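Q: Sequence:
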Amino acid sequence: MKSQVGYLDVVVPPDILDYPTSTDMIVREGSNVSMRCAATGSPEPTIVWRREGGEAISLRNGKEGMKFQY
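Position 67 of the sequence shown, counting from 1, maps to 67 under the working numbering, and the rest follow consecutively.
Incorrect hints may have been included.
[Claimed, not checked] Just the calculated beta-carbon pair ranges, DEER-fashion:
| no. | residue 1 | residue 2 | range |
| --- | --- | --- | --- |
| 1 | 13 | 50 | 15 to 23 Å |
| 2 | 22 | 2 | 52 to 60 Å |
| 3 | 27 | 3 | 21 to 29 Å |
| 4 | 32 | 4 | 52 to 60 Å |
| 5 | 50 | 7 | 32 to 40 Å |
| 6 | 37 | 5 | 47 to 55 Å |
| 7 | 48 | 4 | 38 to 46 Å |
| 8 | 7 | 49 | 44 to 52 Å |
Source of the hints: derived by calculation from the structure; they are not laboratory data. On a predicted model such as this, the values are computed, not experimentally measured, just so you know. Note that beta-carbon positions come from the ideal geometry of N, C-alpha and C, so glycine has one too.
Go ahead and model the full structure; you've got the sequences and the hints to work with.
A: So this is what it looks like as structure tokens:
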């Protein structure tokens, strides 16, 4: 009997879950906002928040963009 050992990496595309993901919102400049995103996939997805035009979101401390990795 012959046997071999191998490696299988199953890749699953990202799937953004409807709940608790935030919907589109309009926020007055200087106001606080809470955004949520839940996603599954393999490898685990990285969530990046950007404006509709693609530019990074500026934070109060002057840094650009927000990136949350689960």
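Q: Now look at each hint and say whether the structure bears it out.
A: Hints versus structure:
1. For the pair residue 13 and residue 50, the supplied restraint of 15 to 23 Å holds, since their beta-carbon distance comes to about 20 Å.
2. One distance hint, 52 to 60 Å for the beta-carbon pair residue 22 and residue 2, holds here, with the actual separation near 54 Å.
3. Distance hint check for residue 27 and residue 3: the Cβ-Cβ separation is about 59 Å, which falls outside the suggested range of 21 to 29 Å.
4. Between residue 32 and residue 4 the beta carbons are some 57 Å apart, a value that agrees with the proposed interval 52 to 60 Å.
5. The beta-carbon spacing between residue 50 and residue 7, approximately 35 Å, falls within the hinted interval of 32 to 40 Å.
6. Evaluation of the 47 to 55 Å hint for residue 37 and residue 5 yields a failure: the beta carbon distance comes to about 38 Å.
7. Between residue 48 and residue 4 the beta carbon distance is about 40 Å. The supplied range of 38 to 46 Å therefore holds.
8. Residue 7 and residue 49 have their C-beta atoms about 34 Å apart, which leaves the hinted 44 to 52 Å range violated.
The structure fails to meet hints 3, 6 and 8 from the earlier list, while all remaining hints are met.
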